[in-house]
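From first to last, the protein sequence lines are chains R and C.
Each number in the working numbering corresponds to the 1-based position in the first sequence with 3 added.
Each number in the working numbering corresponds to the 1-based position in the second sequence with 98 added.
No lab work stands behind these hints, which were simulated from the structure alone.
There may be inaccurate statements among the hints.
As the list claims (entries may be wrong) - Here are the computed lysine to aspartate or glutamate pairs in the EDC-like style, where the Cα-Cα straight-line distance is at most 16 Å:
(1) R:Lys70 - C:Asp220
(2) C:Lys202 - R:Asp100
(3) C:Lys125 - R:Glu101
(4) C:Lys159 - R:Asp51
(5) R:Lys70 - C:Asp177
(6) R:Lys30 - R:Glu85
(7) R:Lys38 - C:Asp174
(8) R:Lys30 - C:Asp171
(9) C:Lys125 - R:Glu85
(10) C:Lys159 - R:Asp34
(11) R:Lys30 - C:Asp177
(12) C:Lys159 - C:Asp217
(13) C:Lys202 - C:Asp171
(14) C:Lys116 - R:Glu94
(15) R:Lys38 - C:Asp217
(16) C:Lys159 - R:Glu45
(17) C:Lys202 - R:Asp79
(18) C:Lys116 - R:Glu101
(19) R:Lys30 - C:Glu215
(20) C:Lys116 - R:Asp93
(21) C:Lys125 - R:Asp79
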Amino acid sequence: MALNIEGATIGFDANNVQTALNNLNTKCIGDAIRKMNDSMSELREYVDSAWVGASAEQFKNNMEADKNRISQALQDTYEVLESEMYQIVDEMASADDELVKGRE
Amino acid sequence: MPSIKSTIGNFVHDVQDKLSSVLASAKTQIQNIVGTATSRLSNIWSGGFTGMSEQGMADLKAQLSSYCQDVQDLIDSFDQTGDITSALRGEVQTAAYDFIAAIKSLLQAYVSTMRQEIDEADEAYRNFASSDKSISQDVESSASDIRSNANNIRLD
Numbered sequence: 004m005a006l007n008i009e010g011a012t013i014g015f016d017a018n019n020v021q022t023a024l025n026n027l028n029t030k031c032i033g034d035a036i037r038k039m040n041d042s043m044s045e046l047r048e049y050v051d052s053a054w055v056g057a058s059a060e061q062f063k064n065n066m067e068a069d070k071n072r073i074s075q076a077l078q079d080t081y082e083v084l085e086s087e088m089y090q091i092v093d094e095m096a097s098a099d100d101e102l103v104k105g106r107e
Numbered sequence: 099m100p101s102i103k104s105t106i107g108n109f110v111h112d113v114q115d116k117l118s119s120v121l122a123s124a125k126t127q128i129q130n131i132v133g134t135a136t137s138r139l140s141n142i143w144s145g146g147f148t149g150m151s152e153q154g155m156a157d158l159k160a161q162l163s164s165y166c167q168d169v170q171d172l173i174d175s176f177d178q179t180g181d182i183t184s185a186l187r188g189e190v191q192t193a194a195y196d197f198i199a200a201i202k203s204l205l206q207a208y209v210s211t212m213r214q215e216i217d218e219a220d221e222a223y224r225n226f227a228s229s230d231k232s233i234s235q236d237v238e239s240s241a242s243d244i245r246s247n248a249n250n251i252r253l254d
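Extracted from the complex, chain C is given alone in its bound form (with noise of 0.2 Å):
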């Protein structure tokens, strides 16, 4: 006949890999959702700089950089969180601290994306200027000939 102790000590161990189980599958669902949101972030700038001025892209970078602190500020407030754990012991304080972990790295992912898309704006800005003007050249030059054509009808 097994002993008590080690009837009890089946017991925890059952409970604890249950629990466990439980810590893992929930660690693998927010990985996934933070995964996924994150993979799917847009590119910013993908509908150009039309009507953008150079001025005015200096500003919208700096109005970007104050969005991002404010993120940043958000992601820096969740270390004061220790209190909402602080009454919580063993597998839901685990969960508690894995939670948030999860969602501080979501919005790091998400601040970073956007810092590296401020830091890309100024050769992103320069290319799309340098091919708007060569289509403004291209269209200067093709009235140009149309002008030219049309004294040559003229004279004809």
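Here chain R stands alone, though its shape is the one from the complex (with noise of 0.2 Å):
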């Protein structure tokens, strides 16, 4: 589905948009969270070979919950993505429909 307009393509295709969602979510926000994850662990073995008492806890404990808000904001920021790329899917999708209308 494609708009050509005075020769202004305004193109775009429902398949690509999900396939580009799909590797969004993927390679952004899961391989980053993934990442993130794998990273804090070995940091964490580290700190608890290392490290003991209330002080070490606390600053796992402000690590892991640094590490998790971020990941939370990661996975909001795309739910926002979503939302936002088939809201212009479906404004697209009607706007086709309205100019072949125009055309009946």
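Dock chain one against chain two, each of which comes alone in its own frame, and use the hints as you go.
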């Protein structure tokens, strides 16, 4: 589905959008969270081997809380993008319908 | 009667306005998410340094720097995500670019805050160690007073 008005292409392909969304979710959000989790595990392992006590626990809690906060923000950001993309696709589809109707 | 050209022109204008509004609204929402998350990052040293040696502190800083580097590599890898968005055009591509820019800035703020904490760690550790030393000196001094008092009591 693509609109071509006065030589200007407002082209889009709903399948491309879905593929891009899936890729962004997997490659940007999923990989980022996985990478942070793995790196945080290594850091925790080090701390557990070198530092004990209440300060060490608080340090690990702070690090974990920050990582979780960032991971959650990444997921929330993706949800906004997903909804935005669908809104754009819907607007384009209804614009397409309107143009076709106009020619009937 | 309006011409076909102006009718289509107005129609395209309306569609563009709606799409611009969708993009602007999403951008604001994403900026708020990023802003809120980064403003709530912890002071990682808030629990103090009890039980941590000076050498342990140096090793911990190296481990933290390695963690920061992993996140930095992640941010840099997003520059190679052009292939994800290259199939897109127009507003959907703009939305994807804005999204990638936002998550890069989120992760960059996270790493920058952590690097700042690493830079401030030595001073925080020194302050903590000196206050710890001062507390133990106070305790030692009090203990000495108690011993002296006890001796006095015995002498009495």
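A quick look at each hint next to the structure:
1. R:Lys70 - C:Asp220: violated, 23 Å
2. C:Lys202 - R:Asp100: Distance of about 37 Å is beyond 16 Å: violated.
3. C:Lys125 - R:Glu101: Answer violated: Lys125 of chain C to Glu101 of chain R is near 27 Å, above 16 Å.
4. C:Lys159 - R:Asp51: holds, 15 Å
5. R:Lys70 - C:Asp177: violated, 22 Å
6. R:Lys30 - R:Glu85: Answer holds: Lys30 of chain R to Glu85 of chain R is near 15 Å, not above 16 Å.
7. R:Lys38 - C:Asp174: Between Lys38 of chain R and Asp174 of chain C the Cα gap is close to 13 Å, so the pair holds against 16 Å.
8. R:Lys30 - C:Asp171: holds, 14 Å
9. C:Lys125 - R:Glu85: holds, 12 Å
10. C:Lys159 - R:Asp34: violated, 25 Å
11. R:Lys30 - C:Asp177: The given pair, whose Cα atoms are some 12 Å apart, holds under the 16 Å limit.
12. C:Lys159 - C:Asp217: holds, 9 Å
13. C:Lys202 - C:Asp171: With Cα atoms ~11 Å apart, Lys202 of chain C and Asp171 of chain C stay inside 16 Å; holds.
14. C:Lys116 - R:Glu94: holds, 8 Å
15. R:Lys38 - C:Asp217: The given pair, whose Cα atoms are some 24 Å apart, is violated under the 16 Å limit.
16. C:Lys159 - R:Glu45: holds, 14 Å
17. C:Lys202 - R:Asp79: Measuring from Cα to Cα gives roughly 14 Å; hence the hint holds.
18. C:Lys116 - R:Glu101: The hint holds at about 14 Å.
19. R:Lys30 - C:Glu215: violated, 29 Å
20. C:Lys116 - R:Asp93: holds, 11 Å
21. C:Lys125 - R:Asp79: holds, 13 Å
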